[in-house]
Amino acid sequence: MYPGDFYYTKDHEWIQVKGQEAVVGITDFAQKQLGDVVYVQLPQVGAKLSSHQAMGTIESVKAVSDVFSPVSGEVSAVNTNLAGAPELVNQDPHGQGWIIKLKLANPKELEALMKAGDYEKFVEGLDK
Amino acid sequence: MKRTRFYPYQEKLGGRMIKFFGWEMPVEYSGIISEHLAVRHKAGLFDVSHMGEIYVRGRQALDFLQHITPNDVARLAPGQAQYTALTTPRGTFVDDMLIYCLEPEFYLLVVNGSNADKDFQWASGHTASFQVKVENVSEAYSQLALQGPAAEKILQPLTDIPLAQMKSFASAQGRVAGLAGLVSRTGYTGEDGFEVYTRDPSPGPLWEAIMEKGKPYGLLPIGLGARDTLRLEAKLMLYGNDIDETTTMLEADLKWVIKFKKGDFLGGEALLKQSEEGISRKIVGFELLGRGIARPHYPVFAGGVQVSQVCSGTFAPFLKKSIGLVYLPLEQTAMGTEFEIDLRGQRTRAKVVPTPFYKRPAL
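Chains A and B, in that order, are what the protein sequence lines are.
Quick note: the first sequence, position 75, residue 75 per the numbering used here, numbers continuous.
Quick note: the second sequence, position 269, residue 397 per the numbering used here, numbers continuous.
Some hints here could point you the wrong way.
[To be verified] Each computed SDA-like pair below joins lysine to any residue, with the alpha-carbon atoms no more than 20 Å apart: (1) B/Lys448 <-> A/Gln16; (2) B/Lys448 <-> A/Pro86; (3) B/Lys448 <-> A/Tyr39; (4) B/Lys401 <-> B/Thr216.
[What the hints assert, rightly or not] A short, non-exhaustive set of chain B residues, derived as facing chain A with CB atoms under 10 Å: (5) Arg218; (6) Gly353; (7) Ala354.
No lab work stands behind these hints: they were computed from the structure.
Each residue gets a CB set at the ideal place from its N, CA and C atoms; glycine is no exception.
Chain A on its own, in the form it takes in the complex:
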């Protein structure tokens, strides 16, 4: 369910590192909690984010939720497909439903995040 090469946050974002760049999205658990996503508000390319800074919002029919940057860095791309197809966040949260790409400022910050196994245990605890 949760890819082994991603890192995860307690706010239910994931980050997949590819060299100096990383892809960020929300987890399957998060999209299930939100339900049908209808708008995703994205940051500007070039925006500098610190770790745990709000980088956008996701609106589902049910609720609105902030999305936080798992680590610090500069936004290098945003998923423009989400404007026309926000449901990608529900359908493929760990793939086509990605939200931003980030140039990492300090890769060491990743060490503070959860690995897949820990995150799975974390959400199991929340489901109870």
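Based on the hints, put chain B in the right spot on chain A.
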């Protein structure tokens, strides 16, 4: 936490449960949007057993109900139902509800689940000068709503009640899926459909039979989430969001429910006075012009000043727009009038639009 008698079936279907006024009920199954669209295009089954049921019986049952409600109960022949309210002396809402005339001296009040105890107390507190008995039978009743264009085709094979000739707001007693029950052509979605009431202590077969019969028609089980989006598209009021003890019936644009000619009733004098003097605010439908969703309690601004807050507000899955209801000063309620809503710090334009937002196509 209370559960309805259908809970085990809903859990089995993967319903995502939430707490709702003391009840544990499904907010969604397959997703609010797909459930909403199923009801608009095909059919949906709702468990609404949390609704409250109150019996009013006795020689003066009619006189009593005429006294505590604004609509004209004398218009109801046995088998007919009407939308009405319990009004305070100020003409505001204790609750909104349906009244069914079951027999000449026997009426069924169907009220909001969250208000059932309050309503029962309220009604009981006004019986003094009437020969009438008020009984809270909420616990005994289970209720399902089958809504959508395919509702009649799904339900007819399961009941001896002829449905084709049943008019809107009519009802009949008979058997459904082998259980004794009351069926009415009513609902809370803006679609054609039925509500089925039963006092059978084991009503599970009703849920199962309807789900089974509905399968070829694309029937889906529907949670509270889509119940809310469906009713809002149809501009059906939600107590606590759109109407309460601070809003009068006239402000809530429900003048059509009030029948001043029937004689005096609780709140009638206040409403007549307000009707003559004019109201200073009124509920209107709005559409958000910018991106986002205007949700309940978001502040509403006109001319730079906060004038109100959003009552109901959501993304409307059929219309694919962000819509809502809000009380605005009367001079700002003309169609097309623009105002602003604060979406979490972002002022976003909205405009007054005609309601209902959605009206089902004529057959």
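Going down the list of hints, with the structure as the test:
1. B/Lys448 <-> A/Gln16: 33 Å, violated
2. B/Lys448 <-> A/Pro86: 13 Å, holds
3. B/Lys448 <-> A/Tyr39: The given pair, whose Cα atoms are some 11 Å apart, holds under the 20 Å limit.
4. B/Lys401 <-> B/Thr216: The hint holds at about 14 Å.
5. Arg218: 34 Å, violated
6. Gly353: Holds, because the Cβ-Cβ distance from B/Gly353 to chain A comes to roughly 6 Å (cut-off 10 Å).
7. Ala354: 8 Å, holds
In this structure, the hints that do not hold are numbers 1, 5, in rising order.
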